[in-house]
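There are 2 protein chains.
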Amino acid sequence: MKLLASMEQIMRNKQVIFNGFIEGAPKVTDMEIKMSNIELKVPKGSGAFLVKNLYLSCDPYMRGRMRDNIASYLPPFVPGQPIQGFGVSKVVDSENPNLKPGDLVSGMTGWEEYSLIQTPLQLRKIQQNDIPLSYFVGLLGMPGFTAYVGFYEVCSPKKGDYIFVSAASGAVGQLVGQLAKLHGCYVVGSAGSSQKVDLLKNKLGFDEAFNYKEEPDLDAALRRYFPEGIDIYFDNVGGPMLDAALLNMRIHGRIAICGMVALHSYSDPQGLHNVFSLVPKRITMRGFLQSDFLHLYPQFLEHVIRNYEQHKIVYIEDMNEGLESAPAAFAGLFSGKNIGKQVVCVARE
Amino acid sequence: MKLLASMEQIMRNKQVIFNGFIEGAPKVTDMEIKMSNIELKVPKGSGAFLVKNLYLSCDPYMRGRMRDNIASYLPPFVPGQPIQGFGVSKVVDSENPNLKPGDLVSGMTGWEEYSLIQTPLQLRKIQQNDIPLSYFVGLLGMPGFTAYVGFYEVCSPKKGDYIFVSAASGAVGQLVGQLAKLHGCYVVGSAGSSQKVDLLKNKLGFDEAFNYKEEPDLDAALRRYFPEGIDIYFDNVGGPMLDAALLNMRIHGRIAICGMVALHSYSDPQGLHNVFSLVPKRITMRGFLQSDFLHLYPQFLEHVIRNYEQHKIVYIEDMNEGLESAPAAFAGLFSGKNIGKQVVCVARE
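From first to last, the protein sequence lines are chains A and B. When you number the first sequence by UniProt numbering, it's gap-free, plus one each residue, and the end is 349. When you number the second sequence by UniProt numbering, it's gap-free, plus one each residue, and the end is 349.
Be aware that one or more of the hints could be misleading.
Copies of the same chain are indistinguishable here, so a pair counts whether it falls within one copy or spans any two.
The calculated lysine to aspartate or glutamate pairs, modelled on DMTMM-like cross-linking and capped at a C-alpha distance of 25 Å, are [as the list claims (entries may be wrong)]:
(1) K158 to D292
(2) K281 to E153
(3) K34 to D198
(4) K14 to D103
(5) K281 to E23
(6) K181 to E228
(7) K44 to E317
(8) K34 to D217
(9) K125 to D217
(10) K181 to E95
(11) K281 to D292
(12) K34 to E324
(13) K281 to D68
(14) K90 to D219
(15) K203 to E214
Bear in mind the hints are in silico, worked out from the structure with no lab data behind them.
Please model the complete structure; the sequences and the hints are all you need to start from.
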């Protein structure tokens with residue numbers, strides 16, 4: 001059958017190839033732009049579907065897939081193959097009974113112009129509305145849902161709680177802070193530049209925010225912003241900030257461990273020194289993944305879309321143009337180059 | 001009134017005095033035996049009561065009261081005053097309407113022959129039965145109750161779970177293991193001598209046990225004993241064992257942080273390096289104190305006494321004779337000298 005495919009259906013397919021396993025933070029040179037060919041036709045009866053990728057999501061968890069030495073919750077990337085990640089895509093051809101050409105979907109896809117998807121992962125059909133398409137990898141995608149379940153299901157928030165969010169202007173943090181404000185909490189965020197601090201205070205509605213790079217003593221900084229202590233720490237960074245937060249938690253405090261972007265190396269991870277605080281303060285520290293809570297996705301969507309439409313939630317994106325910009329956009333996450341959710345636009349439709 | 005007290009009521013009162021604040025592990029020289037006098041009569045209308053101390057409990061948490069630099073859940077000891085701790089005592093005189101001479105009580109008392117108690121803490125009247133009196137500071141006291149609430153309320157145990165207990169032959173660990181076996185779990189314990197390992201396997205009913213001092217690689221040891229991983233780690237030690245356990249937890253594993261006897265210094269605590277495991281494995285790590293669960297004490301007592309009377313629970317005590325032995329007994333906890341629950345017998349009645 002393949003031999004009979006018409007030449008019109010063979011397209012050039014630009015790809016971002018994974019060069020090989022790494023140890024520290026991802027660099028631009030760990031990826032490579034390559035051209036290949038793809039037939040825009042799904043093999044009959046395969047159950048697969050073929051998409052044109054529109055928006056690709058750059059997320060810190062992807063670093064874990066660049067290592068092969070520690071079991072992660074997702075398999076490692078395959079050297080020589082395209083990077084995988086969440087994206088918003090348009091169906092071009094389909095042997096999947098639930099999808100037809102023209103459908104818009106979000107889910108795991110390849111970092112390339114076109115992807116043939118055999119085994120969909122967190123695939124969702126997008127019902128078009130007034131919300132920007134790219135938000136389906138951000139506010140309404142994995143990061144937004146992570147914020148939602150992390151806040152409501154892991155942090156056990158109560159009205160009036162004192163909440164601290166690190167990487168607070170990032171894809172997850174910015175929504176955590178806004179949900180916490182809507183819940184009646186007092187919210188302080190940390191970020192790595194004065195521009196981000198300004199966004200937190202003046203656009204995202206945080207009560208206070210600070211630039212951690214300007215704080216020589218993180219413990220003292222948290223004591224200043226939380227003289228009464230912290231009820232909930234939503235941790236996106238780990239490392240010294242988590243250590244400082246441990247010293248400033250209140251009794252029965254809760255720490256949601258969402259990710260550890262500050263962890264520079266897995267083979268020689270920095271030490272945490274203040275875990276002993278867990279006992280006298282009866283702190284609960286819990287790691288979580290949004291994928292354990294997928295049954296809550298519909299109620300999340302309803303909650304966030306309603307608040308977004310009522311202008312009670314905003315979302316900040318950092319949009320890079322063109323697939324070629326993807327390696328730099330991704331590597332930039334680990335030095336905090338992005339302002340808001342990092343997305344790469346491959347095509348607008 | 002005091003001047004009228006008869007001379008017969010003035011007694012010599014041997015005491016264990018706290019010498020002053022410390023940083024590292026407690027040493028014998030941090031305490032001192034001293035003689036003082038006490039009038040065996042409670043001031044009229046004071047509401048206080050006076051006890052003769054029979055059994056005193058040596059517990060690792062007491063180290064926290066020997067420091068004055070970090071807020072603990074109990075106030076620091078007062079230099080020059082007797083050490084405070086849990087004990088079993090006999091009421092000698094009472095202005096407390098609930099107590100009369102001859103009553104046996106457990107609760108916070110002084111390390112001395114006689115104590116005048118103004119503000120009772122975790123005071124309980126002992127209903128005499130066939131259970132040894134000293135067990136009211138061990139199996140039926142704070143350590144036993146810690147094991148009970150830690151296991152049932154913090155670990156969320158399920159039948160068939162794989163459970164690891166460190167300091168497993170200690171005051172808390174030995175009961176955790178036995179409760180876990182009664183619950184249908186697979187239980188492995190670690191301890192610091194072959195004699196303790198033998199007790200765990202042959203007297204306390206653990207499925208397996210090992211001497212951590214003979215394991216150059218704790219991670220490898222846990223992999224050997226838990227090829228399928230650990231569902232619940234009941235942590236009594238912190239430090240390198242906690243780090244190794246973090247690498248061996250199963251998905252949705254739970255870690256109860258009960259104490260950190262391996263923490264040699266608070267001002268320069270050892271680092272924990274594997275906390276990043278919390279996210280991919282969605283681990284919950286929770287510090288707790290038995291004092292948050294006091295409403296469960298009656299059901300604990302009923303459960304443990306019933307199983308003890310049916311010979312389904314045993315309890316190992318390390319009993320030192322005489323108040324003079326208390327400093328060495330207490331200091332010995334931090335090098336694992338004790339075999340089982342460390343108690344000091346001051347008087348038998």
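Status of each hint after checking the structure:
Both within a single protomer and between protomers do K158 and D292 lie at most 25 Å apart by alpha-carbon distance, with minima of 23 Å and 19 Å respectively. In the homo-oligomer, the alpha carbons of K281 and E153 lie at most 25 Å apart both inside one protomer (21 Å) and across protomers (17 Å), since each shortest distance falls under that limit. In this assembly of identical chains, K34 and D198 lie within 25 Å of each other by CA distance neither inside one copy nor across copies; the values are 39 Å within and 63 Å between. Taking the shortest Cα distances, K14 and D103 sit within 25 Å of each other inside one copy (22 Å), while across copies they are farther apart (85 Å).
For a Cα distance limit of 25 Å, the shortest separation of K281 from E23 across copies, 20 Å, qualifies, whereas the shortest one inside one copy, 35 Å, does not. In this homomeric assembly, K181 and E228 come within 25 Å of each other (Cα to Cα) only inside a single copy, at 18 Å, whereas the closest approach across copies is 42 Å. When the C-alpha separation of K44 and E317 is checked against a cutoff of 25 Å, the pair qualifies neither within a copy, at 39 Å, nor between copies, at 73 Å. In this assembly of identical chains, K34 and D217 lie within 25 Å of each other by CA distance neither inside one copy nor across copies; the values are 45 Å within and 44 Å between.
When the C-alpha separation of K125 and D217 is checked against a cutoff of 25 Å, the pair qualifies neither within a copy, at 47 Å, nor between copies, at 49 Å. In this assembly of identical chains, K181 and E95 lie within 25 Å of each other by CA distance neither inside one copy nor across copies; the values are 45 Å within and 53 Å between. In the homo-oligomer, the alpha carbons of K281 and D292 lie at most 25 Å apart only across protomers (11 Å), although the nearest pairing inside one protomer, at 28 Å, exceeds that limit. In this assembly of identical chains, K34 and E324 lie within 25 Å of each other by CA distance solely inside one copy; the values are 10 Å within and 79 Å between copies.
Taking the shortest Cα distances, K281 and D68 sit within 25 Å of each other only across copies (16 Å), while inside one copy they are farther apart (37 Å). In this assembly of identical chains, K90 and D219 lie within 25 Å of each other by CA distance neither inside one copy nor across copies; the values are 48 Å within and 47 Å between. Taking the shortest alpha-carbon separations for K203 and E214, only the intra-copy value of 21 Å comes in at or below 25 Å, while the best inter-copy value is 58 Å.
Of the numbered hints listed earlier, those contradicted by the structure are 3, 7, 8, 9, 10 and 14.
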